[in-house]
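A.B. asks: Residue strings, one per chain:
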Amino acid sequence: MNSRMSSKLIFEKSRSGRRAFAQAPVDAEASKIPSNLMRNDKPRLPEASELQTVRHFTRLSQMNFSIDTQFYPLGSCTMKYNPRACNALALLPEFAGRHPLGPVSHGQGFLTCMFELQEMLKDVTGMKGVSLTPMAGAQGELAGVAMIKAYHEARGDHERTEIICPDAAHGTNPATAMMCGCQVVEVPTGAEGDIDFDALKSAVGPKTAGIMLTNPSTLGVFERRIKEVADLVHDAGGLLYYDGANLNAILGKVRPGDMDFDVIHMNLHKTFSTPHGGGGPGSGAVGVNDRLLPFMPIPVIGSKQVDGETVYGWLSEDDLPQSIGRLSGFMGNAGVLFRAYVYMRMLGRDGMERVSEYATLNANYLSSRLKEAGFELAFPTRRASHEFIVTLKREARSLNLTAMDLAKALLDKNYHAPTTYFPLLVPECLLIEPTETESKETLDNFVTAMIEIATAAKEGAEFKDAPYTMPVRRLDDVKAARQLDLAYRPE
Amino acid sequence: MNELPGDLLYTKDHEWLRREDDGLVTIGITDHAQGALGDLVYVELPEIGQDVAEAGEMAVVESVKAASDVYAPIGGSIVAINEELADIPEKINSDPYGDGWIVRMQPTDTFDESTLMSPDDYQQFIDDLDD
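Chains X and S supply the protein sequences, listed in that same order.
Following this note's numbering, the numbering of the first sequence begins with 1 at its first residue and continues without gaps.
Following this note's numbering, the numbering of the second sequence begins with 1 at its first residue and continues without gaps.
Note that these hints are calculated values from the structure, not bench results.
Take every hint as true, because none was put in to throw you off.
In silico DSSO-like cross-links for lysine-lysine, where the CA-CA straight-line distance does not exceed 30 Å:
{"id": "1", "chain 1": "S", "residue 1": "K65", "chain 2": "X", "residue 2": "K371"}
{"id": "2", "chain 1": "X", "residue 1": "K440", "chain 2": "X", "residue 2": "K458"}
{"id": "3", "chain 1": "S", "residue 1": "K12", "chain 2": "X", "residue 2": "K207"}
{"id": "4", "chain 1": "X", "residue 1": "K393", "chain 2": "S", "residue 2": "K65"}
{"id": "5", "chain 1": "X", "residue 1": "K413", "chain 2": "S", "residue 2": "K65"}
{"id": "6", "chain 1": "S", "residue 1": "K12", "chain 2": "X", "residue 2": "K393"}
{"id": "7", "chain 1": "X", "residue 1": "K464", "chain 2": "S", "residue 2": "K65"}
{"id": "8", "chain 1": "X", "residue 1": "K42", "chain 2": "X", "residue 2": "K32"}
If we strip away everything but chain X, and leave its shape as in the complex, we get (with noise of 0.2 Å):
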């Protein structure tokens, strides 16, 4: 372990009476609890003065890897670098401080950026109707389907229940589907990552409620047939969702709108700057076409005018009866909408073109030099989008080098890892994503870890324990998972 770090608890630092200043007890009497409310025993929190508290959080601070220290191509994450600008006018008092119950006159200022964001959401993704509610990307999902079952149950078309999902979608796609009581109909991928055109075409029918696509999809490639593709759906009565996990890959390029999608939701966190991965908070705001205006999920930021002033205020259910309902009370996520609501404003709408150019320029750059490199690629044949897979199928089995022992390699070479093992369909698989906001500098050194490390298990080193800088080494992650051990007990 490195000696600057310290693996102990701030509970086992804790000394009886130590406290920091914040956290002095007010003077019982004067907060005039009644005596038998007051509690005999102490908290179980530790004790610790402010600087030694200070000192156990920055060095927690400092064994992280974050994109602020470290190139993190987190494959399918889009870890990019979320402009300090965006976090500071996001945390003006006039925004943060806020009460959510005040009335809507005092609220004109967020309320006309929330209606801004929607409008400028609905620009980018050549959508009809924007609902900013849904708190997360999954969230944005099971509104998204539940909008599609809603829109199907108006029309009295009960028998459609089936949800199709390629083979490679997201976890979250089949678990949405059954959230919403559909069954889940699996596609198979064709040998250059597109969709098995032809096993869509027997898996369509009369109980088809919708298909849910990724576009480019999870293997990193666009679905080149998709126009077709949206075509047979839709002449089948199915409708279409885009899950919006890449559209860091074609913003302000192609427009889900454009390919004939549904209804679509984007991770406003990801694409639009907001620090992420510590699990939330997010935003996972939805857009839909003509078809399902009427089931937006409320609230939903509306204008009116009023004395020849424009005046925004919340829709409810009075403005929007059919829609599925209510998925937040007071947009507890505003901070992240404010983000990409700045976030858009700094880059316009020529900014966002330069956005997916870099990101696909940055994965096709280092995919051809990985590839150049000797590592093969899942995809050789295609084009990246924003992100690509390499295999390391070949190095598992001749140098015992599996994508496991590479990703851990590559931590002591000061590289987060690229995602692993996803998608599952690739066997021993790196899902590489530069994103748009690193240089060339940093692409090619990662290509010479990527080298060195190769190189290195060809000549015969062994890299089955690494990482060997880091505060912890390889975790027995079997034992972790057979023997669960979560809770701090006191002694």
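Dock chain S against the given chain X, drawing on the hints supplied.
C.D. replies: Below, chain S alone, put in the same frame as chain X:
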């Protein structure tokens, strides 16, 4: 590469079946399947007496890499389950064709062996997957 047991039948979902003398059928997952899944950490077993349709979900095996459904290769009723797997799921890793069996079933009808693979056919099937 280990030899496949010659007295078993196999499926493309990497399950094996053995016809027992008493007419019951024992089912487990193949060595190839346990190798692909990696170290198992959890096995969800069906209830004894439960009826399972052919191709229906029968059990779940979970490793640190993935959770995978085990589908019933034939329809029938569950007569016995390998309860030891609840505590020692790694038996499937160490002895997939023996102590790592998962369920015993009473088949509904005389089942159709033609849909199942012989050891040679299954060997060919997994060799093709590796290419």
